[in-house]
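Q: So you can see what is in the structure, the chains are spelled out below.
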Amino acid sequence: MNSEQQYIELYQQAREMIFSHAPEAMNAVRDEAFENFKTLGFPSRKVERYKYTDMQKLFEPDYGVNLSRLQIPVDPYEAFHCDVPNLSTSLYFVVNDMFYHDEKPKGHLPEGVVIGSLRDYPELVSKYYTKQAKTSEDAVTALNTMLAQDGMLVYVPKNVKVDRAIQVINILKAPTLRVKSDARISSSEPEVARPSAKATPQNAQRQVPDLMVNRRVLIVLEESAEIKMLFCDHAADDRNFLATQVIEAYVGENASLDLYCMEETHHKNVRVSNVYIDQQANSRVNHNVITLHNGITRNKLDLTFSGEGAECQCYGCVIADKQQHVDNNTLITHQVPHCTSQELYKYVLDDKAVGAFAGRVLVEHGAQKTISQMTNQNLTATKEARMYTQPMLEIYADDVKCAHGSTVGQLNDAALFYMRQRGISLNEAKLLLQNAFINEVIDHMQLEPLRDRLHYLVEKRFRGELNKCSGCKLCK
Amino acid sequence: MLEVRNLHARIGDKEILKGIDLVINDGETHAIMGPNGSGKSTLSAVLVGNPLYEVTEGEAFFNGKNLLEMKPEDRAHEGLFLSFQYPVEIPGVSMTNFMKAAINEKRKYQGLEPMNAAEFLKLQREKRKIVELDSKLANRSVNEGFSGGEKKRNEIFQMAMLEPKLSILDETDSGLDVDAMRIVAEGVNKLQTPETSCIVITHYDRLLEMIKPQFVHVLYKGRIVKTGGPELAKQIQEHGYDWIKEEIGEE
Chain P
-3 MNSEQQYIEL YQQAREMIFS HAPEAMNAVR DEAFENFKTL GFPSRKVERY KYTDMQKLFE
57 PDYGVNLSRL QIPVDPYEAF HCDVPNLSTS LYFVVNDMFY HDEKPKGHLP EGVVIGSLRD
117 YPELVSKYYT KQAKTSEDAV TALNTMLAQD GMLVYVPKNV KVDRAIQVIN ILKAPTLRVK
177 SDARISSSEP EVARPSAKAT PQNAQRQVPD LMVNRRVLIV LEESAEIKML FCDHAADDRN
237 FLATQVIEAY VGENASLDLY CMEETHHKNV RVSNVYIDQQ ANSRVNHNVI TLHNGITRNK
297 LDLTFSGEGA ECQCYGCVIA DKQQHVDNNT LITHQVPHCT SQELYKYVLD DKAVGAFAGR
357 VLVEHGAQKT ISQMTNQNLT ATKEARMYTQ PMLEIYADDV KCAHGSTVGQ LNDAALFYMR
417 QRGISLNEAK LLLQNAFINE VIDHMQLEPL RDRLHYLVEK RFRGELNKCS GCKLCK
Chain S
7 MLEVRNLHAR IGDKEILKGI DLVINDGETH AIMGPNGSGK STLSAVLVGN PLYEVTEGEA
67 FFNGKNLLEM KPEDRAHEGL FLSFQYPVEI PGVSMTNFMK AAINEKRKYQ GLEPMNAAEF
127 LKLQREKRKI VELDSKLANR SVNEGFSGGE KKRNEIFQMA MLEPKLSILD ETDSGLDVDA
187 MRIVAEGVNK LQTPETSCIV ITHYDRLLEM IKPQFVHVLY KGRIVKTGGP ELAKQIQEHG
247 YDWIKEEIGE E
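Just so you know, the protein sequences line up as chains P and S, in that order. With our numbering, letter number 131 in the first sequence gets 127, and the count goes up by one each step, no holes. With our numbering, letter number 176 in the second sequence gets 182, and the count goes up by one each step, no holes.
Keep in mind the hints are simulated off the structure, nothing from the lab. Certain hints may be false.
Here are a few chain P residues that sit away from chain S, every Cβ distance over 10 Å (derived from the structure) [as the list claims (entries may be wrong)]:
1) Thr35
2) Gln417
3) Asn435
Distance ranges between label pairs, derived from CB positions [claimed, not checked]:
4) Lys397/P to Glu138/S: 41 to 47 Å
5) Phe67/S to Glu380/P: 37 to 43 Å
6) Tyr452/P to Ser180/S: 40 to 46 Å
7) Asp439/P to Glu244/S: 16 to 22 Å
8) Leu58/S to Gln319/P: 31 to 37 Å
9) Lys20/S to Ala399/P: 52 to 58 Å
10) Lys240/S to Asp448/P: 55 to 61 Å
11) Ser64/P to Asn145/S: 33 to 39 Å
Below, a list of computed lysine to aspartate or glutamate pairs in the EDC-like style, where the Cα atoms sit at most 20 Å apart [claimed, not checked]:
12) Lys171/S to Asp32/S
13) Lys106/S to Glu424/P
14) Lys77/S to Glu424/P
Given the structure is predicted, the values throughout are model-derived calculations rather than measurements. By construction, the Cβ of each residue, glycine as well, lies at the ideal position given by its N, Cα and C atoms.
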């Protein structure tokens, strides 16, 4: 209980340091975020949207936060290559929460397009930052806003189309030097709660502390703008990481956004992601979230139709085993008529993995001619694997077409036997069926190189050849 | 080829096979007939190792190897094939990938390298002709959206690809129109060699007129109660099973 206390104390103690290392536009909303965080506290599991993931517990450990912006020496090009090969020359890195500036030439971006750090564009940041990700409504968003000191800005001006996909590699990397004590979260009762945490000889020699990072992304698409973004999350250290992430996307009239978020980290990694998308009239959004490897993951998507004639497709693909935990929570709000939303989330859970999907579609008064379809299908491979699924429709308009459904099941025994009779071993038959199951959702993904790569990665994953992020040298 | 002795099997608590004896030599074709519920499909399921059935007594040897100790996939690798009465649909697995996996696992079992893509496609093309199967079906998911006739022809296509030593056709003629039945029967005949054998399970004489078994067995209440030549099938077609029941002392 009271996991929030250590963050409140940290903020009170380190407020000056946080402010001095962050841009003004981000500081402007910081105190408000802090007050909101204090009021809200982490939600308990009694709060509907947090029923399946215990936030108190996730934020309880004593993580280090790099508030003094200690430079973490890393050459991402050296340390790392992502399993999704470079889709274009437009490859960017975010190291922890820091937009990585380098001299490597980027592919030509059309005029006016910005892909850079939140630090460098105060006007855009003041205009859009936290307008959707309201700190009064979500404790993690509030915490992220009160601690975030850098982040990534993507801006596409009116009528500009960025043809090549932009790939962003998020790397989690712990500092190799000991973080100053003032940057450490002071736990309320450290000696009792974590006897080994401090002042022991082993710990004094431990050079790489566990780390919390607070990532921030702001995407602004003006009228008729188009961009495809692929975020790949990786951990470059075999440490405990807690990453919070807030993505805010404004999709202007007739604009088009493809957003792919792929996680391929390891079992010590905790990820809490909140994605907010606002869609103006006739815009199009394709949101995809793929969890190939993780520890504990909680992904929240809040998508709002605020202009008529817009449409979104949301696809989710989860493969989890061992003790992994993946919770996808979506809320699609149809505020206006004539919008279409489609959701398909598929999970394959093995060993003692736990999956959760809670999707809610809210059709507000007057949002007539809404079309909405939500599907969640899950395979549990063992008796110990658990899936919690909760598709919800809430409709306040009378001329709509909405459907939702979910299934939890096992591989079809008749199909398995049929394949074995043809000489396909039981393992191979299972693999083919699991692949077939998950491919249905991957086939919907429109970024072709990613789709091909995912087919390959998923197969490798099912074969157990993808035990942790194979891309980074450090965890091999 | 196959030697079955005193085979008993059950599903759940229900005993279905109550002592089957059957010997099949190389190059022979045997028909198994019998009223509904007599155990014909159970016999085929037990021979290929369907885990739903439990063998309680008896033995089965396939080319000298103890069949009942082998995994279903190994029985297939050894050359046993079942044409299913109800072929299973497998959404999301294409016919081509399915066949490739089957062929290459068999090759692995035999210590051979996997077949390369060109060879495989060529083989697939050749074998498809045997049952006049549309090439479009190769890109579709296994049996998904296939018509009844296509499913059965697809079974024989798989048989052609895998070149089994012993094929069991479980009511492959059911649900087929006259033309489709001819295609299936001709396909089966083309695949027969002096080294391969076949068990045809059927209710009707029509398929047997085309496939021409040397032996016809009547299975009733879990036992083979009568064995004869092709003429037995004709008699059953004309008179039904009552006279056989009388012969064995049932009314």
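Q: Indicate, hint by hint, whether the structure satisfies it.
A: Hints, one by one, checked against the model:
At roughly 48 Å, the least C-beta separation between Thr35/P and chain S is larger than 10 Å, which holds for a residue marked as non-interface. Look at Gln417/P: its CB is around 5 Å from the nearest CB on chain S, not clear of 10 Å, so calling it non-interface is violated. Residue placement check: Asn435/P does not keep its beta carbon more than 10 Å from all beta carbons of chain S (closest about 6 Å). Taking the beta carbon of each, Lys397/P and Glu138/S are about 43 Å apart, inside 41 to 47 Å as hinted.
The hinted window of 37 to 43 Å between Phe67/S and Glu380/P holds, with their beta carbons roughly 40 Å apart. The given range of 40 to 46 Å is respected by Tyr452/P and Ser180/S, whose C-beta atoms sit roughly 41 Å from each other. The given range of 16 to 22 Å is broken by Asp439/P and Glu244/S, whose C-beta atoms sit roughly 55 Å from each other. Between Leu58/S and Gln319/P, the C-beta spacing of about 33 Å keeps the proposed range 31 to 37 Å intact.
The hint said 52 to 58 Å for the Cβ distance between Lys20/S and Ala399/P, and at roughly 41 Å that hint is violated. Remark: the range hint 55 to 61 Å for Lys240/S to Asp448/P is upheld by a beta-carbon distance near 58 Å. The given range of 33 to 39 Å is broken by Ser64/P and Asn145/S, whose C-beta atoms sit roughly 59 Å from each other. Of the pairs offered as hints, the one joining Lys171/S and Asp32/S holds, with about 8 Å between alpha carbons and a cut-off of 20 Å not exceeded.
With a C-alpha separation of about 12 Å, the suggested pairing of Lys106/S with Glu424/P holds against the 20 Å cut-off. The suggested pairing of Lys77/S with Glu424/P holds, with an alpha-carbon distance near 14 Å, which does not exceed 20 Å.
Hints 2, 3, 7, 9 and 11 from the list above are not met by this structure, while the remaining hints are.
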